[in-house]
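Colleague: The residues making up each chain are set out below.
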Amino acid sequence: MITIKHDGCIFCVGCSSVCPASAIEAVGTRMKTYPEKCIDCGLCVKVCPANVICLYKGVKDEKDLPAGAR
Amino acid sequence: MSSKFDHDVIVIGGGPAGSSFARVAAGAGLDVLVVDKRKEIGVPVRCGEGLGSLEILKQGFVLPRACYSIEIEGAKVYAPNGKSITWRGEDTAGWVLERKVFDKWLCELAIEKGARVHTYTRAVGVVKDEKGRPQGVKVSHGGKEPYEISAPLIVSAEGMESMIARELGFKTVHSLYDVDTCYEYEMKPYNHENLIELYFGNEAAPRGYVWIFPKADKKANVGIGVGGLVQNGTKQGGIKGADPKTLLDAFVKKDEQLKDASTLLDFGGVISVGSPIDEFTRDNCMVIGTAAKQVDPIHGGGIGLAIDTGIMAAGTAIKAHERKDFSKNMLMEYETVWRRQKSPTLANRLKLRKILEKVSDDDLNHIFNTLNKEDLQKVMSSDFAPVAMKVLAGRPQLLAVLRGLMS
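Chains H and L supply the protein sequences, listed in that same order. Going by this note's numbering, the first residue of the first sequence is number 2, and it counts up by one from there. Going by this note's numbering, the first residue of the second sequence is number 1134, and it counts up by one from there.
Hints in this document: simulated from the structure, not taken from any laboratory. Each hint should be verified, as a subset may be incorrect.
Computed cross-link-like contacts, DSSO-like style, restricted to lysine-lysine with a CA-CA straight-line distance of at most 30 Å [to be verified]:
id: 1; chain 1: L; residue 1: Lys1457; chain 2: H; residue 2: Lys33
id: 2; chain 1: L; residue 1: Lys1523; chain 2: L; residue 2: Lys1475
id: 3; chain 1: L; residue 1: Lys1172; chain 2: H; residue 2: Lys38
id: 4; chain 1: H; residue 1: Lys33; chain 2: H; residue 2: Lys61
id: 5; chain 1: L; residue 1: Lys1237; chain 2: L; residue 2: Lys1321
id: 6; chain 1: L; residue 1: Lys1264; chain 2: H; residue 2: Lys6
id: 7; chain 1: H; residue 1: Lys33; chain 2: L; residue 2: Lys1233
id: 8; chain 1: H; residue 1: Lys6; chain 2: L; residue 2: Lys1233
id: 9; chain 1: L; residue 1: Lys1452; chain 2: L; residue 2: Lys1261
id: 10; chain 1: H; residue 1: Lys33; chain 2: H; residue 2: Lys64
id: 11; chain 1: H; residue 1: Lys61; chain 2: L; residue 2: Lys1475
id: 12; chain 1: L; residue 1: Lys1386; chain 2: H; residue 2: Lys6
id: 13; chain 1: H; residue 1: Lys38; chain 2: L; residue 2: Lys1264
id: 14; chain 1: L; residue 1: Lys1271; chain 2: L; residue 2: Lys1237
id: 15; chain 1: H; residue 1: Lys61; chain 2: L; residue 2: Lys1271
id: 16; chain 1: L; residue 1: Lys1137; chain 2: H; residue 2: Lys6
id: 17; chain 1: H; residue 1: Lys58; chain 2: L; residue 2: Lys1209
id: 18; chain 1: L; residue 1: Lys1461; chain 2: L; residue 2: Lys1304
id: 19; chain 1: H; residue 1: Lys33; chain 2: L; residue 2: Lys1261
id: 20; chain 1: L; residue 1: Lys1264; chain 2: H; residue 2: Lys64
id: 21; chain 1: L; residue 1: Lys1237; chain 2: H; residue 2: Lys61
id: 22; chain 1: L; residue 1: Lys1277; chain 2: H; residue 2: Lys33
id: 23; chain 1: L; residue 1: Lys1484; chain 2: L; residue 2: Lys1457
id: 24; chain 1: L; residue 1: Lys1452; chain 2: L; residue 2: Lys1137
id: 25; chain 1: L; residue 1: Lys1475; chain 2: L; residue 2: Lys1304
id: 26; chain 1: H; residue 1: Lys38; chain 2: L; residue 2: Lys1261
Kindly produce the complete structure, drawing on both the sequences and the hints.
Modeller: Set out below in structure tokens:
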């Protein structure tokens, strides 16, 4: 799954435009992620102009993220 | 309306494509509903805001004064070594828009023709009949419980994200190779000559360029686009540190005027610079504008195309409505006309983009030294061969790279 540092996000929707799994979407004024759909490909990380996306390969649930990742 | 549907058409997205479609379709008497997930049409702005005047004038529009910041007289293009070519003329003239006002104006024109527009209304899913044909969408207003609205025709004008288009079966996901990732500041003060300035070079902007689009009151949109594959280069052949913000900051720091200027706005985005998707229509639905990747592959601009396409697609939708036939066969008319009118130019522009990204800064300097503005004009109108010959005369070793332009 990925995490997005929402403070730094410029809400450009670039991540969702390249996501092959439709696992990120702009909802309201935030990017929303769907960890269950994420295929850990990292394309969103590469395309993000603000560098605010982190990929945690293999992690499927927020509670399994390493300390400090949220 | 005596049909089982709530509306004749549901348009998803109230940008230039969606609003133009709605204006023409509603003008012909169709019941058109536009839903836009944003709270305000035109906001947030994710755009360099440049628009060529030719693109708008041919539609017979008169652009209200509030829709643009200033009028542009032409372009000034810089080589990596700082040499520039200035090019004033009708094909480079245009406006730097106030997108917020412009988008709202286009949307209001649609409303004046009878279209209904709902903001803060997100399409969350497609409603299909037993044969799998789209018959409506599920929408949520302000994040509340979704409800269904029905129409025999769904038009996706969703822009880069195009989530509903994907659900409708269109392949709208972008590849990293075919996007540029961008960062932009609105800055002040910046003294300018009412020219759009473009800076090329692999050092300044790998596979892309820096733009300065001047605005009124000594302001300017200063932005950069970088190839999606080269940025964030920790692997796969990317360039370390080549993220657009870092590169833009480096550019600003080196510029005599900009280094002391303030920023009024930070924003960024990802633009499509590839080819259009392989189908625009299916039974009961069409995709228009940036959602269908209908953009110029050189600069990622899509406003003019979006307006054109909206009008074109609406023409087909009106016929489909008259005949009560929303099959792909019927809707294909829009796609056929579009590809006949737009594809040759866009394909040439894509060819040019793919060649430009292989040229080194030194070669680029040579090319700029050789060319004058008449040559640039030829390039813009896809007349590549004479220009390529001229470049090759001074640097024959470029043949391998430029060969693609000779045919």
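Colleague: Against each hint, give a clear statement of whether it holds in the structure.
Modeller: Going down the list of hints, with the structure as the test:
1. Lys1457/L with Lys33/H: violated (38 Å)
2. Lys1523/L with Lys1475/L: holds (28 Å)
3. Lys1172/L with Lys38/H: holds (27 Å)
4. Lys33/H with Lys61/H: holds (15 Å)
5. Lys1237/L with Lys1321/L: holds (25 Å)
6. Lys1264/L with Lys6/H: violated (42 Å)
7. Lys33/H with Lys1233/L: holds (24 Å)
8. Lys6/H with Lys1233/L: holds (27 Å)
9. Lys1452/L with Lys1261/L: Holds, because 23 Å separates the two Cα atoms, which is no more than 30 Å.
10. Lys33/H with Lys64/H: holds (17 Å)
11. Lys61/H with Lys1475/L: Distance ~44 Å between lysine 61/H and lysine 1475/L Cα, so the pair is violated.
12. Lys1386/L with Lys6/H: Holds - the C-alpha atoms of lysine 6/H and lysine 1386/L are around 27 Å apart, at most 30 Å.
13. Lys38/H with Lys1264/L: Holds, at roughly 26 Å.
14. Lys1271/L with Lys1237/L: holds (24 Å)
15. Lys61/H with Lys1271/L: This hinted pair holds, its Cα atoms lying about 28 Å apart.
16. Lys1137/L with Lys6/H: With a Cα-Cα distance of about 46 Å, the restraint between lysine 1137/L and lysine 6/H is violated, given a limit of 30 Å.
17. Lys58/H with Lys1209/L: violated (46 Å)
18. Lys1461/L with Lys1304/L: holds (16 Å)
19. Lys33/H with Lys1261/L: Holds, because 25 Å separates the two Cα atoms, which is no more than 30 Å.
20. Lys1264/L with Lys64/H: violated (41 Å)
21. Lys1237/L with Lys61/H: violated (41 Å)
22. Lys1277/L with Lys33/H: holds (16 Å)
23. Lys1484/L with Lys1457/L: violated (40 Å)
24. Lys1452/L with Lys1137/L: holds (19 Å)
25. Lys1475/L with Lys1304/L: Status holds; Cα separation ~20 Å.
26. Lys38/H with Lys1261/L: holds (22 Å)
Taken one by one, the earlier hints fail for this structure at numbers 1, 6, 11, 16, 17, 20, 21, 23, listed in ascending order.
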